[in-house]
Amino acid sequence: MEIKNIKVFVLNLTFILNFLVFQFIPVIAAPIPTNGVYISSDRIANIAEIMEPSVVSIETENEEVVEFDFKGLPFNEEFFEKFFGVTPKAVPKKRKVTGDASGTVISSDGFILTNYHVIEDAKTIKVTTEDDKEYTAKVVGKDKFSDIAVIKIDAKGLKPAKLGNSVATRPGDWVIAIGSPLGFSNTVTLGIISAVSREVPISNVDFIQTDAAINPGNSGGPLVNINGEVVGINTAIVGRAQGIGFAIPINVAREISSQLIAGKTIPRPWVGLAMSPLNPELAKSLGVSLNTKGIVVGEIIPNSPADKAGLEQGDIIQRVNGKVVTSPKELQTIIRAMPINSTINLQILKEGKMLGKSVTISQWPESGMDLEE
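Quick note: the sequence shown uses my numbering, first residue 178, plus one each step.
Treat the hints loosely; a few may be bogus.
Label-pair restraints from in silico Cβ distances [claimed, not checked]: (1) 453 with 285: 46 to 52 Å; (2) 520 with 369: 43 to 49 Å; (3) 229 with 489: 54 to 60 Å; (4) 284 with 489: 46 to 52 Å; (5) 462 with 229: 55 to 61 Å; (6) 522 with 456: 24 to 30 Å; (7) 456 with 530: 19 to 25 Å; (8) 514 with 286: 33 to 39 Å.
List time: in silico DSBU-like cross-link candidates among lysine-lysine, alpha-carbon distance up to 35 Å [stated by the list, open to error]: (9) 303 with 333; (10) 300 with 273; (11) 315 with 339; (12) 500 with 534; (13) 303 with 315; (14) 321 with 273; (15) 530 with 461; (16) 329 with 273; (17) 315 with 300; (18) 339 with 506; (19) 321 with 271; (20) 300 with 441; (21) 271 with 329; (22) 300 with 336; (23) 303 with 271; (24) 303 with 321; (25) 506 with 527; (26) 441 with 303; (27) 500 with 470; (28) 470 with 485; (29) 300 with 339; (30) 329 with 339; (31) 506 with 485; (32) 441 with 333; (33) 333 with 315; (34) 310 with 333; (35) 461 with 506; (36) 310 with 336; (37) 441 with 485; (38) 485 with 530; (39) 321 with 310; (40) 485 with 500.
Bear in mind the hints are in silico, worked out from the structure with no lab data behind them.
All figures in this text were calculated on a predicted structure; none of them were measured in a lab.
For each residue, glycine too, the CB sits at the ideal point set by N, CA and C.
Sequences are here, hints too, so could you generate the full structure?
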């Protein structure tokens, strides 16, 4: 009987000891895939430290005309003209306007990549490097279409950023945005790529979308992957939206900046028309079958290639160089791949008849006109 009780006691003790041992053994995480990357605060901090010398703060200064406002005053413009012989509007007042932005160093001898909208109307451009040295920058070249600009400072021994390959980016990839939002230099934020090739109505470039915090002043700063490579140039945020920022793919920025530095004219094929997809509502209003495929011509800029070719609002473009097109994006892609002065052949449906039109591609007239396609 005693032997039996001893055996039961030993069994119970063994069970209890095993239970206690396993309670205190640390859980071993699954191994990280060899093709993955481990994210740690040290890794992010190291990348930020490496990138710091390659990011600059930019301060611009400009003048804007301020018109006299009679609102709330007991007299109007006619009163001033009658008693003083001149109105306040006849003597416009100017005031200085400053702006803060960021830039990405792309060469050791002072070439810096930033946004067109940052320096567009700037009278003076001041650059501050990470060692607090200040320089006056000059504009080397700018491209409104892509919102890319290159400026230069008289400096040597700068550390250029390592440029990556934006084509290799994927939604879900970790990224770091670095810049000077609201004047706070070298601010670092972490996020992921939310989408690639994101179309934005106000732009002519397909953006990288990220949820890394991008605020006013981040424009021109780098969007960096976790290998320390620049994959985009931060450019914009969506008003009233949280966690939505955009960056110009670095492959686009690199190509444009190299041409600007070389002093080349960047070819921008243009035909001068606005387009819409042919949806059921438009098909009904144009009196065509709901099964009709194509692109509806909207506004046409006077004296543009489309205007000279005889296109009119309401025309339905169905084929371009023999290829069926069903969306404005398809036609945009074809046009932008065409050389300047080349011709595209359109098949259009107009008032129930098929017509052929030839349009000669021209260079985008940057001053005063936008690319509507």
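If you test the structure against every hint from before, which numbers come out violated? none
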